[in-house]
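Engineer: If you're matching them up, the sequences are chains P and S in order. Under this note's numbering, the first residue of the first sequence carries the number 1, and numbering increases by one thereafter. Under this note's numbering, the first residue of the second sequence carries the number 1, and numbering increases by one thereafter.
Among the hints, a few may not be true.
Said to hold, decoys possible - In silico BS3-like cross-links for lysine-lysine, where the CA-CA straight-line distance does not exceed 27 Å: (1) 154/P / 245/P; (2) 59/P / 201/S; (3) 245/P / 222/S; (4) 46/S / 56/S; (5) 230/P / 245/P; (6) 77/S / 59/P; (7) 222/S / 154/P; (8) 222/S / 288/S; (9) 181/S / 245/P; (10) 201/S / 181/S; (11) 181/S / 207/S; (12) 126/P / 245/P; (13) 207/S / 222/S; (14) 61/S / 77/S; (15) 82/S / 61/S.
What the hints assert, rightly or not - Every beta carbon over 10 Å from chain S, so not counted as near; a handful from chain P, in silico: (16) 42; (17) 62; (18) 64; (19) 130; (20) 134; (21) 229; (22) 295.
It is worth saying that the hints were derived from the structure and are not from the lab. C-beta atoms are modelled at their ideal positions from N, C-alpha and C, and glycine is treated no differently.
In case you want the letters, here they are:
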Amino acid sequence: MNMQRSVVTSILAVIGIWAAAAFVFSRLADGNMATSGWLLTIMVWLMAWFLVHNLAAMKFASRFTSIAISLVIPLIFGLTLLFLWEVITRGLGIPSVLLPPPSQIAGRIASSTDILAADFQQTFMKAVLFGYAMGCGLGFAVAILVDRSPFLRKGLMPIGNLVAALPIVGTAPIMVMWFGFDWQSKAAVVIIMTFFPMLVNTVAGLSASGHMERDLMRTYASSYWQTLFKLRLPAALPFIFNALKINSTLALIGAIVAEFFGTPIVGMGFRISTEVGRMNVDMVWAEIAMAALAGSIFYGLVSLIERRLTFWHPSYR
Amino acid sequence: MNLTSILKGSTIPVLTVTAAIFAIWYASVVWLNAPFERDQAERAGKEITFSQILPKTMAQKRPVIPAPHQVIAEIWKTTVMKKITSKRSLIYHAWITLSSTLLGFLLGTILGIALAVGIVHSMTLDKSLMPWIITSQTIPILAIAPMIIVVLNAVGIQGLLPKAFISMYLSFFPVAVGMVKGLRSPDVLHLDLMHTYSATKAQVFWKLRWPSSIPFLFTSLKVAIAASLVGAIVGELPTGAVAGLGARLLAGSYYGQTIQIWSALFVAAFLAATLVWLIGVIDRAVLKRMGMAQ
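Okay, chain P solo, but in the shape it has when bound (with noise of 0.2 Å):
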């Protein structure tokens, strides 16, 4: 009874915030916003945010539909924030300079695709993955090695722990004088970026298999190396993976900052820096929002493999 009282409600929610967001922008396009304007304006966020509340609220026997449900949620919540970000920068006539309404920055990357390709490919597709696969490979292999020795190990974990916490992008225009002005010195940078918290954390990780299980695979009598790729690998997943997930955004930080220090005329911290001097706002936004997408892309991916890896892991079960 209730449930179904709440599914009618929020039907006429989305209906009445159709038609309301619909007269908004009829009357946006006219060019002035008349007090009935706003007002719709906040029934629509109302609206949306009873919808949303409603949306909570619910409880479903399925779980294909509660999964859905948990997507539908916060992306009603983001297209509430496009609209309010789209009526007020338009309706109180803010300069594009400060900040471009969404339509306009969707309008700029859908009419410049070439030059945002191009970018992509330079510094997402080179820098990026190259750094990224390098800086955690090496980090894991260093990790490995350290791992055998406790001497070492003491030794290195502080002096690790400490280094993940400096700012290491400041080294960019040390290995743009090093390694040149191309991608090799982005990558440069994001590998020395990524290499530590990979390090820190496959250590952490080695560690983390239980001194029973230890035990076990010595009674089986096991080989290092068996002990190593059937319980302590596995074992450490959850924190190599968080590593990974850090490093996924550290990565495209990492060589977008350093393409200011000096680029070729290509390349996605190069765009923003020069846009920004000419004033271009849109396409400096057209630029975040690809950066945006492609950071969130590349995160996702990385839990969705962690959670096929470390299925048995309790976040998940």
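Put chain S on the given structure of chain P with help from the hints.
Structural biologist: For chain S alone, coordinates are given in the frame of chain P:
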């Protein structure tokens, strides 16, 4: 501390590794700077032996990689030997960076705690806002720091605030996530007990949730302050900023002053380590007072 505990602890391994790092550093100084000296000698038409190259590689004006003692000398020269108000004093630049770091850290902490309180108390916020908080960190804000600064500059907001804003954006996330965990950490039994006392939501918050979230708070604060510093430094890069550690990095890279870059980098590293250490000290003191120290 007696001798056995020093021998058993991690002091000796750490010192060994540090010594090894310095050795590698000096070796690469010789290796990377030698080509320049050979080149110079060739141009002058002289033969140069390795024993002649060796001291020269460590005393270049614009080395590919400066020797540790050059960096330390430069830091000494620009901190102790200069007046603090001087534009060449690294203390002056570090202070500029530190002030926006701290302001951003403070704002970020307040925002993070406020968001966490909202998320813990409202199911709607939890479901709608939490995914976006996580998504917000996949946006490379550091990369768009320049735009934020330039744009805010264009509207007339200058100085500390734009940089602090970037620090805030970077530092609110760890605090929010940590505090959500912390505020939810009280046992169901304890929450039920509060319920039987017919405690109000505010009472549950102040007497149970808040105290039990303090250890989580300090863990996140350590991450947050390091992130704040990075934000402040990168925030100084774009505007052709005149002051701050980031500005020193940029100026150094424009004019090829490697020693200046390295010294700014080391002061930044020192600053980060000190700030994290300071929070660790406060952490231990507070937990001790609250009777939660192990």
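Engineer: So, for every hint listed, does it hold in this structure?
Structural biologist: Hint-by-hint comparison with the structure:
1. A hinted pair counts as satisfied when its Cα atoms are at most 27 Å apart, and residue 154/P with residue 245/P qualifies at roughly 26 Å.
2. At roughly 24 Å between alpha-carbon atoms, residue 59/P and residue 201/S fall within 27 Å of each other, so this suggested pair holds.
3. Restraint check for residue 245/P and residue 222/S: satisfied, since their Cα atoms lie roughly 19 Å apart, inside the 27 Å limit.
4. Our distance criterion of 27 Å between C-alpha atoms is met by residue 46/S and residue 56/S, whose separation comes to about 15 Å.
5. Note on residue 230/P and residue 245/P: the hinted pairing holds, with a Cα-Cα distance of about 23 Å set against a maximum of 27 Å.
6. Between residue 77/S and residue 59/P the alpha-carbon distance is near 67 Å, which puts this suggested pair outside the 27 Å criterion.
7. Distance restraint check for residue 222/S and residue 154/P: the Cα-Cα separation of roughly 22 Å lies within the 27 Å cut-off, and the hinted pair is therefore satisfied.
8. Our distance criterion of 27 Å between C-alpha atoms is met by residue 222/S and residue 288/S, whose separation comes to about 18 Å.
9. With a CA separation close to 19 Å, the supplied pair residue 181/S and residue 245/P stays within the 27 Å bound.
10. Pair hint residue 201/S plus residue 181/S holds up; C-alpha atoms about 18 Å apart against a cutoff of 27 Å.
11. For the hint linking residue 181/S to residue 207/S, the alpha-carbon distance of about 17 Å falls within 27 Å, and the restraint holds.
12. About 19 Å separates the Cα atoms of residue 126/P and residue 245/P, which keeps this hinted pair within 27 Å; it holds.
13. About 25 Å separates the Cα atoms of residue 207/S and residue 222/S, which keeps this hinted pair within 27 Å; it holds.
14. Restraint check for residue 61/S and residue 77/S: satisfied, since their Cα atoms lie roughly 15 Å apart, inside the 27 Å limit.
15. Under the criterion of a C-alpha separation no larger than 27 Å, the hint pairing residue 82/S with residue 61/S is consistent with the structure, at around 20 Å.
16. Listed as outside the interface, residue 42/P is consistent with that label: its C-beta sits roughly 17 Å from the nearest C-beta of chain S, beyond the 10 Å cut-off.
17. Non-interface call for residue 62/P relative to chain S: holds, since the shortest CB-CB distance, roughly 18 Å, exceeds 10 Å.
18. Every C-beta of chain S lies more than 10 Å from that of residue 64/P, the closest at about 17 Å, which supports listing it as non-interface.
19. Once the 10 Å rule is applied to beta carbons, residue 130/P is consistent with being away from chain S; the minimum gap is 17 Å.
20. The beta carbon of residue 134/P sits about 19 Å from the closest Cβ of chain S, which is more than 10 Å, so the claim that it is off the interface holds.
21. For residue 229/P, the requirement that its beta carbon stay farther than 10 Å from each beta carbon of chain S is met, with the minimum near 27 Å.
22. The non-interface label for residue 295/P is inconsistent with chain S: the shortest C-beta to C-beta separation is roughly 4 Å, within 10 Å.
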